[in-house]
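2 protein chains.
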Amino acid sequence: MPSYTAPTKDMQFVLHEVLKVSQSATPGYDELDAEFTGAVLDEAGKIASEVLQPLNAVGDQQGCVLENGVVRPPEGFKEAFDQLRDGGWTALDCDPEYGGQGMPYVLATAVGEQFSAANMAFNMYPGLTHGAYSAIHAHGSDDQKATYLPKMVSCEWTGTMNLTEPHCGTDLGLMRTKAVPQDDGTYKVSGQKIFISAGEHNMSENIIHLVLAKIPGGPEGIKGVSLFIVPKFIVNEDGTPGARNGVSVGKIEEKMGIHGNSTCVMNYDEATGYLLGEEHKGMRAMFTMMNEARLGVGLQGYAQAEVAYQNALEYAKDRLQGRDVTGDKNPDGPADPLIVHPDIRRNLMDQKSFVEGARAFTFWGATMIDQAHRAEDKDADGLISLLTPVIKGFLTDKGFEMATAAQQVYGGHGYIEEWGMSQFARDARIAMIYEGANGVQALDLVGRKLAQDGGKHVMAFFEMVKSFCKENGDEDMAEFVTPLKAASKDLQAAGMFFMQNGMKNPNHALAGSYDFMHLFGHVCLGLMWARMAKAALSALAEGASDTGFYETKLATARYYMARQLPMTATHLARVETGADTVMALDAAMF
Amino acid sequence: MPSYTAPTKDMQFVLHEVLKVSQSATPGYDELDAEFTGAVLDEAGKIASEVLQPLNAVGDQQGCVLENGVVRPPEGFKEAFDQLRDGGWTALDCDPEYGGQGMPYVLATAVGEQFSAANMAFNMYPGLTHGAYSAIHAHGSDDQKATYLPKMVSCEWTGTMNLTEPHCGTDLGLMRTKAVPQDDGTYKVSGQKIFISAGEHNMSENIIHLVLAKIPGGPEGIKGVSLFIVPKFIVNEDGTPGARNGVSVGKIEEKMGIHGNSTCVMNYDEATGYLLGEEHKGMRAMFTMMNEARLGVGLQGYAQAEVAYQNALEYAKDRLQGRDVTGDKNPDGPADPLIVHPDIRRNLMDQKSFVEGARAFTFWGATMIDQAHRAEDKDADGLISLLTPVIKGFLTDKGFEMATAAQQVYGGHGYIEEWGMSQFARDARIAMIYEGANGVQALDLVGRKLAQDGGKHVMAFFEMVKSFCKENGDEDMAEFVTPLKAASKDLQAAGMFFMQNGMKNPNHALAGSYDFMHLFGHVCLGLMWARMAKAALSALAEGASDTGFYETKLATARYYMARQLPMTATHLARVETGADTVMALDAAMF
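Going line by line, the protein sequences match chains A and B. Residues in the first sequence are numbered consecutively from 130, following my numbering. Residues in the second sequence are numbered consecutively from 130, following my numbering.
The shape of chain A in the complex, shown without the other chains (with noise of 0.2 Å):
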């Protein structure tokens, strides 16, 4: 059975020694020292290592039951919410005001990836509940917060996101569930969504559903959506729920993987809701999420594979298999561990230097969040804008691949449920796809992001990451900036081909927007294992006791450079083959 440790000491580096978030002006990060991170880190890594990860198969084997309409989730699961619950966890990040903590999102952030790690299909009941109880904080009247956050801060009530239906997903202008006005102000919502994780489930007392629906008469298409509070138990005045709502569950679907969340189909049936925000501003009440809600779906995809690494490589040490070919080194055992093999190594070093380098973008994005929410930086906003589809597209591709390249570590094992390796991969597969498919982060992307503000960010980003290789010209940091700034060359020619090309013809860019995607991702990996190489070294200059933490880190960053961004040249090259190969067809030719 696979087991997890919470990777505290790596997350304190990050935080301390490669953002140095208690030096930073954001607001609120002065509280941010490393024995608090570090008190904080240890207790979370507690809860997702005892509590959360063994649940995880059972969660997985168990799945969620639907019987007259009320969803069973799997054993274990209503217990240790009521954990998370009672130790504030659910309240992290959460406004004081309605009884959260306050803290940064970066430090939520990080406890997000223990949780996540330790059992991603069970984060996801807070996790949507933090999202919906964002969409109120933003947008809500006074009257809404009042009576749906705290109960939301705290978790007593769980929320859930409602936009897709059966035949839209992407394309939300197609939406047919509408919203009919009453005379008392509030709306009758009726129509079918589907893909709501956490749609229903008997650990909670009241369901906040967050629904996207039209209100007949509007404009066309997607600018005539609005957003709605749909309560499963309609809200007393005294506080407490009441009448059941007209909204219940169609069915719940069987997935590939995240089995312990139930992925339900809800039918609302002249529901009664609450317009949350503008009339027709649905969407744009949907963005002002969007940055938290991408990167904590790229967290997921990161986190799954830091889980698979840890077992991968626990099994890669025990397991005797073969010997060395350079010479045996267990002699006196049968065989050698399966971790002297060179691709082997090679595997694992892939994995650790995916998740470690995902780690730190994760968590620098984490700051860029905080710095635009709570120093109302436009900047950071626009930056981390800008890096969001990269953080989600990239990181969870690249997590799945990596869960999966962790299950081939256990040969034939790996692909036998009882072990657990296929359970990391299977859950790892939905982060590609919700929260916006990783096509649809590659067109944000290139289609909208890169010449947000005139291109502001993008240019920003490059003038970053220039300067990061100018300040850090000297010898020791050479092999480390040398291929960093290759890689940003290729990142920077390829968004000179389009450019130059898309205009002309919009298909020239976006044939290329996946690989795009996926040479951004390696640029700002190499940017992060630069600033963890020169972290590691000013450590060392410093005299720093662990030196084998930080000689293992500069080996680390030496991996990614020699074995991992070489890829920027492929997806270069093939950006500028441009949109002729990929269009060339007639659809009824394929």
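A portion of the hints provided could be inaccurate.
The list makes no distinction among identical chains, and a pair is therefore deemed to hold if it is satisfied within one copy or across any two copies.
What the hints assert, rightly or not - Mimicking DSS-like on lysine-lysine, the simulated pairs with C-alpha atoms at most 25 Å apart in a straight line are:
no., residue 1, residue 2
1, 458, 352
2, 614, 599
3, 633, 458
4, 317, 446
5, 595, 317
6, 274, 614
By construction, these hints were calculated from the structure, which means they are not laboratory data.
Following the hints, position chain B against chain A.
Chain B alone, transformed into the frame defined by chain A:
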């Protein structure tokens, strides 16, 4: 629900216009005229689409059930198996002396692709039987052949291969199962074997287990392994199944996929076994079938990608979502079909160009196996031995990747089991693991096959590519030959790096083995695409009526050259970094 249509037209193109099988001097190939193979493939295609494919989801959902020592396969499997037997499909390329039809292996390979694409888990029952048939055919005594082969050719009796034990998979020298010689010349076989595909079921009147075991007192390690025939029912003098042998199912494994195949833990408790071939030469006996068995697994990889692609393509044509950025393609509808979007195209073209290239590569490999067996051509045998790990490793890695890519086209529906796309990915996953995990294939390629017979076969491969490029130096072919040359140059450079550095330290070669395997795979598919382009150009020059088919081939060839072959540069770059970054860390420092 997914469907499957046998790609008979493309198979015919490969057989007759690319490989020109009926013009080959290989004994038996003169029978393979286009009319004959077309008739066989049409018939097989009907069985695949109408009998096997409808049972694919059934098999996935029901799995196999062990009750009182008997395994019940999914509903309909037995009837389908009977249809296969009645139609003589299990006997296609078997020896006429034992009731086979004596057709070349390449034709059986084409039929195998169809059956495997339609229902991989099902096709493993006859597939494993064929493997066991081949072993007995190659190494059995006349008596053994007469006893077992006729029944196995017809699949009245099925077969299994028993290699793996709980503590050893790749490293079979660690094996503990023992075979104690008896006075009557038989052996008592005792031990536990795991991951035994088709290990037990009630679809045949006997099951012939081929079991690797050690005879006490024999040589240590892998050199002391012998191969035994252990029938489930000991065969009577009159050839009928008699007494139950001491072999039983321990359990059925819960797997990630191929649920329709019963993967069993088999317990041997003083079971009566008959030595197959010579004492202590068990591994050699297994090796004689290895090229064929591994080619069959490579085939499974791309066959799953083929069926997944077919369904993704249909979905992309049907599903209306978003608008073509260059102008509406379906102005009267609410949205355009997915296939208008460049990134969906990229994804579909990745799949299409892989699958068709893989088919040509595999069929080509099958002709070499025929040449080796039927014409006793040692060069063909050497070349296919070299290419086998590439076929197995590259095609299964890419097959899984492409099945996953096809799943992605479906968005959220791809993750819901009901839609069937998840199964293709889950089933395809095993092909990367069994019959030698892909890391072991890479080791076999670089550590063994490259240098085999003094490097003669790899030199022959390079010579073949060079000749092809030289012979096709005309302008029409330049767009295909130029990238093929560049890719082949990368492969040679990688081989050169191994030669120059592997002597000093074998890890410099082994650390790049996986990249080398993929590099080699791309060069092979590049070669196949160049050959297919040549065939398409010839057909067009000769005034073929179906210009659409050939134009599509050329467009797909161009796509592969532009978008896939550039990967060789990255693989080479990785290879040329050697072992330093891969092996830098002590195991304890991970």
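(message) Reference check for the pair residue 317 and residue 446, CA-CA at most 25 Å: within, between, both, or neither?
(response) neither (60 Å within a copy, 35 Å between copies)
(request) Go through the copies and call it for residue 633 and residue 458: within, between, both or neither, with a Cα cutoff of 25 Å. (result) This pair counts as between: shortest inter-copy Cα distance 19 Å, intra-copy 61 Å.
(message) Treating 25 Å as the Cα threshold, decide for residue 458 and residue 352: within, between, both or neither.
(response) between (66 Å within a copy, 22 Å between copies)
(request) Measure nothing new, just compare the shortest in-copy and cross-copy C-alpha distances for residue 595 and residue 317 to 25 Å and report within, between, both or neither. (result) neither (55 Å within a copy, 72 Å between copies)
(message) Treating 25 Å as the Cα threshold, decide for residue 274 and residue 614: within, between, both or neither.
(response) neither (48 Å within a copy, 66 Å between copies)
(request) Check residue 614 against residue 599 for me: Cα-Cα at most 25 Å, and say if that holds within a copy, between copies, both or neither. (result) within (10 Å within a copy, 39 Å between copies)
The structure fails hints 4, 5 and 6 (numbered hints given earlier, in ascending order).
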